[in-house]
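Chemist: Residue-level listing of the chains:
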Amino acid sequence: MARSMSLVRTGLSWWPALLLATLVLFAVFAPWIVPVDPDRQNLLGRLKPPGFEARGHVFWLGSDELGRDVLSRLIYGARVSISVAFLSVALSGVVGVSVGMLAGYLRGTVETVLMRLVDIFLSIPAILLAIITVAVLGPGFINVILVLALTRWPRYARVAYGQTLALADRPFVTLARAMGASTPRVLFTHILPNIAGPLLVVATLEFGLMVLFEAGLSFLGLGVQPPTASWGSMLSTGRSYVASAWWIATFAGLALFLLVLSANLIGDRLSDQIGKGR
Amino acid sequence: MFRFLLHRGGQALVAAFGVVTLVFFIQRLAGDPTALLLPETATQADIESMRTSLGLDRALWVQYLDFLSDVVRLDLGQSFVQNAPVLEIILSRLPQTLQLAAGALVVALAIGMPLGLLMALTRGRLVSRWIMGVVLACQSMPTFWSGIMMILVFGVWLKWLPPSGTGTLAHLVMPSIALGLLSLATYARIVRSAVIDELGKDYVRSARARGVGTGRLVKHHLLRNSLIPVISITALELSQLLAGAVIVETVFAWPGLGLLTVQSIASRDFLVVQAVVLIGAFVTIGANLAADILYSVVDPRVRLTEPS
Numbered sequence: 001m002a003r004s005m006s007l008v009r010t011g012l013s014w015w016p017a018l019l020l021a022t023l024v025l026f027a028v029f030a031p032w033i034v035p036v037d038p039d040r041q042n043l044l045g046r047l048k049p050p051g052f053e054a055r056g057h058v059f060w061l062g063s064d065e066l067g068r069d070v071l072s073r074l075i076y077g078a079r080v081s082i083s084v085a086f087l088s089v090a091l092s093g094v095v096g097v098s099v100g101m102l103a104g105y106l107r108g109t110v111e112t113v114l115m116r117l118v119d120i121f122l123s124i125p126a127i128l129l130a131i132i133t134v135a136v137l138g139p140g141f142i143n144v145i146l147v148l149a150l151t152r153w154p155r156y157a158r159v160a161y162g163q164t165l166a167l168a169d170r171p172f173v174t175l176a177r178a179m180g181a182s183t184p185r186v187l188f189t190h191i192l193p194n195i196a197g198p199l200l201v202v203a204t205l206e207f208g209l210m211v212l213f214e215a216g217l218s219f220l221g222l223g224v225q226p227p228t229a230s231w232g233s234m235l236s237t238g239r240s241y242v243a244s245a246w247w248i249a250t251f252a253g254l255a256l257f258l259l260v261l262s263a264n265l266i267g268d269r270l271s272d273q274i275g276k277g278r
Numbered sequence: 279m280f281r282f283l284l285h286r287g288g289q290a291l292v293a294a295f296g297v298v299t300l301v302f303f304i305q306r307l308a309g310d311p312t313a314l315l316l317p318e319t320a321t322q323a324d325i326e327s328m329r330t331s332l333g334l335d336r337a338l339w340v341q342y343l344d345f346l347s348d349v350v351r352l353d354l355g356q357s358f359v360q361n362a363p364v365l366e367i368i369l370s371r372l373p374q375t376l377q378l379a380a381g382a383l384v385v386a387l388a389i390g391m392p393l394g395l396l397m398a399l400t401r402g403r404l405v406s407r408w409i410m411g412v413v414l415a416c417q418s419m420p421t422f423w424s425g426i427m428m429i430l431v432f433g434v435w436l437k438w439l440p441p442s443g444t445g446t447l448a449h450l451v452m453p454s455i456a457l458g459l460l461s462l463a464t465y466a467r468i469v470r471s472a473v474i475d476e477l478g479k480d481y482v483r484s485a486r487a488r489g490v491g492t493g494r495l496v497k498h499h500l501l502r503n504s505l506i507p508v509i510s511i512t513a514l515e516l517s518q519l520l521a522g523a524v525i526v527e528t529v530f531a532w533p534g535l536g537l538l539t540v541q542s543i544a545s546r547d548f549l550v551v552q553a554v555v556l557i558g559a560f561v562t563i564g565a566n567l568a569a570d571i572l573y574s575v576v577d578p579r580v581r582l583t584e585p586s
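Chains as they are written, first to last, in our numbering: chain V, 1 to 278; chain F, 279 to 586.
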């Protein structure tokens with residue numbers, strides 16, 4: 001109780017959370033919110049500036065190179081960004097945390113092998129690893145998630161490993177083991193709840209990074225494929241038309257920036273709070 | 279010191295070996311790699327000769343050993359698209375990327391370090407929180423967005439700087455800033471926490487008690503002692519910059535390794551992509567090693583705690 005009070009008093013700033021929630025709601029309810037079908041083309045209304053009116057509706061954020069409504073595509077793009085980021089964080093988190101806990105708890109050969117593997121994965125710059133894997137597997141929604149998870153699980157493994165190592169010899173763990181608890185039981189009921197805090201911080205910061213990675217891959221043409229709207233591919237279009245249609249890249253990038261910023265701010269604040277709690 | 283070097287060097291070698299192995303397996307993820315290694319226009323005869331030269335009829339471990347020995351001999355293969363040795367293509371693009379990385383590093387250090395110092399000195403005040411906000415914004419800024427926005431404002435509207443391409447120092451300005459923003463945030467944070475650490479130490483308090491002013495304190499003590507983490511982080515940032523260059527170079531049509539990678543994916547020139555990944559990983563491993571060695575030279579305590 002005392003802690004939650006101080007959490008409020010130190011000003012757990014509410015606007016990043018509000019911003020994130022708004023963007024998630026946009027993504028979830030996209031089909032009901034969008035002014036017009038994001039894939040509907042209007043070749044007579046190509047590259048029109050914000051406020052342009054055609055066929056009975058206003059293009060509030062302008063239209064793109066095929067005359068599609070930028071606002072509608074932005075709202076649908078939120079779906080791709082958020083779902084890819086969420087699913088890849090979940091997948092890499094589950095794999096990485098399991099690996100890290102096993103290595104930290106079992107020690108010995110398992111520890112050496114697993115943590116060496118982590119080191120190897122971490123020595124390849126993440127975006128390069130993602131690029132080469134997509135080049136082999138081919139782009140697409142599922143592949144992007146798999147690739148991001150493959151690239152990022154070592155990050156969770158490192159943190160889970162360090163935290164587990166610190167807990168493995170604590171009395172409540174040795175007691176549970178002495179009373180005959182199996183390894184999975186010790187890991188998931190005794191260790192995991194105690195290391196969840198730092199892992200949550202990592203996951204929040206990774207969420208922002210995954211949003212950026214997905215957009216980066218889509219920007220390079222390696223992510224979700226057209227005509228599906230994605231902020232990264234909108235930015236790529238916007239780059240080509242930067243001199244004649246500034247609104248495409250500007251708004252797609254702004255949306256991306258706000259989503260990543262809100263995740264980073266929340267992660268930062270969480271890590272401060274957890275640091276204070278210790 | 280010698281034992282430490284041997285230990286660290288051995289670790290780096292193991293990591294490099296692991297990376298080569300990993301890349302080999304990624305190459306084989308799709309099954310038959312000939313489709314990856316040849317352009318779309320390849321004839322059936324090309325495919326057959328590729329199969330034979332790769333020795334796909336042999337056991338997987340023999341193929342793996344072949345790949346390993348090729349990499350050790352720095353034989354990265356022949357690009358079918360550009361009709362030149364992959365190593366040669368890469369070396370011809372490397373200087374451009376190094377220029378860009380150096381520019382980004384200058385931006386990050388010149389702005390990030392003073393911001394970090396300022397944050398530490400004004401800790402707990404509103405100024406500090408505002409600067410932290412700016413730093414977080416830099417960290418969340420997608421490089422492709424900041425890059426495009428700079429092109430729009432300074433290249434298209436104001437016409438102060440060339441919007442893309444290479445050649446003069448003016449061409450280097452915007453790409454360096456776009457690439458440097460993320461590292462800027464890292465430096466600001468590192469310097470902030472290092473200076474805050476130093477501020478709490480006895481020698482600072484006694485210096486203050488002797489009446490030493492903040493300016494003198496910063497110049498003679500704080501900056502010098504906070505430089506150690508900055509040096510070691512710089513080694514690690516190098517590989518970040520290399521990876522970030524892929525996007526920044528695409529945005530600014532900067533003809534370095536990053537643009538090469540993207541072009542090679544488009545033209546299905548897989549060997550070049552693979553080589554860039556390998557080199558990126560080797561640079562990272564080398565930079566890590568250099569950081570560790572540097573650290574142990576500057577701070578001998580690191581060596582003593584190292585298990586032999």
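Among the hints, a few may not be true.
Estimated spans, in silico, between C-beta atoms of each pair [stated by the list, open to error]:
| no. | chain 1 | residue 1 | chain 2 | residue 2 | range |
| --- | --- | --- | --- | --- | --- |
| 1 | F | VAL575 | V | ALA176 | 40 to 48 Å |
| 2 | F | ARG401 | V | ILE274 | 39 to 47 Å |
| 3 | F | GLN541 | V | GLN225 | 38 to 46 Å |
| 4 | V | ASP37 | F | LEU343 | 31 to 39 Å |
| 5 | V | THR112 | F | LEU346 | 20 to 28 Å |
| 6 | V | THR112 | F | VAL576 | 26 to 34 Å |
| 7 | F | LEU284 | V | THR112 | 45 to 53 Å |
The hints are simulated quantities; they were obtained by calculation from the structure and are not laboratory data.
All C-beta atoms, glycine included, are put in the ideal place defined by N, C-alpha and C.
Chemist: Now tell me if each hint is right for this structure.
Modeler: Status of the hints after comparison with the structure:
1. F:VAL575 - V:ALA176: 40 to 48 Å: Since the Cβ atoms of VAL575 (chain F) and ALA176 (chain V) sit about 45 Å apart, the hinted range of 40 to 48 Å holds.
2. F:ARG401 - V:ILE274: 39 to 47 Å: Check failed, 20 Å falls outside 39 to 47 Å.
3. F:GLN541 - V:GLN225: 38 to 46 Å: Taking Cβ atoms as reference, GLN541 (chain F) and GLN225 (chain V) lie about 19 Å apart, which means the hint is violated.
4. V:ASP37 - F:LEU343: 31 to 39 Å: The hint (31 to 39 Å, Cβ to Cβ) is violated, given that ASP37 (chain V) and LEU343 (chain F) are roughly 55 Å apart.
5. V:THR112 - F:LEU346: 20 to 28 Å: holds, 22 Å
6. V:THR112 - F:VAL576: 26 to 34 Å: Holds, at about 29 Å.
7. F:LEU284 - V:THR112: 45 to 53 Å: violated, 19 Å
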